[in-house]
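Here the protein sequences line up with chains A and B, keeping their order.
End of the first sequence = 64 in the UniProt record's numbering, gap-free, step of one.
End of the second sequence = 64 in the UniProt record's numbering, gap-free, step of one.
Think of the hints as simulated: they come from the structure by calculation, not from any bench.
Where hints are given, some of them may not hold.
Intra- or inter-copy, both count: the list cannot distinguish identical chains.
In silico DSSO-like cross-links for lysine-lysine, where the CA-CA straight-line distance does not exceed 27 Å [stated by the list, open to error]:
1) K47 - K2
2) K6 - K47
3) K2 - K35
2 protein chains.
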Amino acid sequence: MKNRLKVLRAERDWTQADLAERLDVSRQTINAIEKGKFDPSLPLAFKAARLFKLRIEEIFQDDE
Amino acid sequence: MKNRLKVLRAERDWTQADLAERLDVSRQTINAIEKGKFDPSLPLAFKAARLFKLRIEEIFQDDE
DNA sequence: CCATAAAGTAAAGTAGACTTTACTTAAAGT
DNA sequence: ACTTTAAGTAAAGTCTACTTTACTTTATGG
Numbered sequence: 001m002k003n004r005l006k007v008l009r010a011e012r013d014w015t016q017a018d019l020a021e022r023l024d025v026s027r028q029t030i031n032a033i034e035k036g037k038f039d040p041s042l043p044l045a046f047k048a049a050r051l052f053k054l055r056i057e058e059i060f061q062d063d064e
Numbered sequence: 001m002k003n004r005l006k007v008l009r010a011e012r013d014w015t016q017a018d019l020a021e022r023l024d025v026s027r028q029t030i031n032a033i034e035k036g037k038f039d040p041s042l043p044l045a046f047k048a049a050r051l052f053k054l055r056i057e058e059i060f061q062d063d064e
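All chains, please: the whole structure from these sequences, using the hints.
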C-alpha cells in the first residue's frame with residue numbers, strides 16, 4: 001500500500017507530528033504508515049480523506 | 001461505520017459465503033462486518049471496491 | 001561546532017481485525 | 001415433520017494497527 005501523505009504534508013508544510021495531531025494518532029504511527037510499515041485502519045483512512053478533502057483512493061493506493 | 005455489502009450482495013444474489021470467497025476472507029468476517037461488529041481493514045476495503053467496481057466511500061460510510 | 005527540530009527506529013504492551021471450529025436459529029421446500 | 005441452506009453467534013487463538021517510552025540519526029541555522 002502506497003500513500004501520498006508525505007507530499008500532502010509537504011504541500012501544507014506540516015511535520016509528521018502536526019499531521020499526527022490532526023489525525024489524533026501518534027507521531028510514530030504517521031511515520032510507520034509513511035514508511036510503509038503498516039496500513040492505516042479504514043477509520044483512519046477516512047479521517048485523512050476528510051482532513052485533506054480527498055478521496056481515500058487519492059491518498060492511499062493499493063498496489064496489486 | 002456503515003456499509004452496503006448486504007445490498008450489493010442482494011443485487012447479485014450472493015450469499016455471505018459467496019462474498020467471503022471472492023474477498024478471500026472467512027464467512028464470519030463478512031457477517032461481522034455486515035453486522036457492524038468491526039470495520040474491515042483498508043486492504044479489504046480496497047478489495048471490495050475492486051470487486052464491486054465502486055469507490056470505497058460508495059461501499060463504506062464513516063458515520064461521524 | 002553546537003543546538004534544536006524533525007525524522008527514523010525499536011521494544012513492549014493493548015486493541016482490534018480476522019481465523020477456525022462449532023453450535024444455534026431462520027427460512028424455504030418437499 | 002424433516003431436510004437443507006443461509007445467517008447469526010461465540011470462544012480461543014493469531015496477526016496487525018496503534019500506543020508509550022526512549023533512544024539515534026539527519027538536517028538546518030546560528
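Consistency of the hints with the structure:
| no. | hint | result |
| --- | --- | --- |
| 1 | K47 - K2 | both (17 Å within a copy, 15 Å between copies) |
| 2 | K6 - K47 | both (16 Å within a copy, 24 Å between copies) |
| 3 | K2 - K35 | within (9 Å within a copy, 30 Å between copies) |
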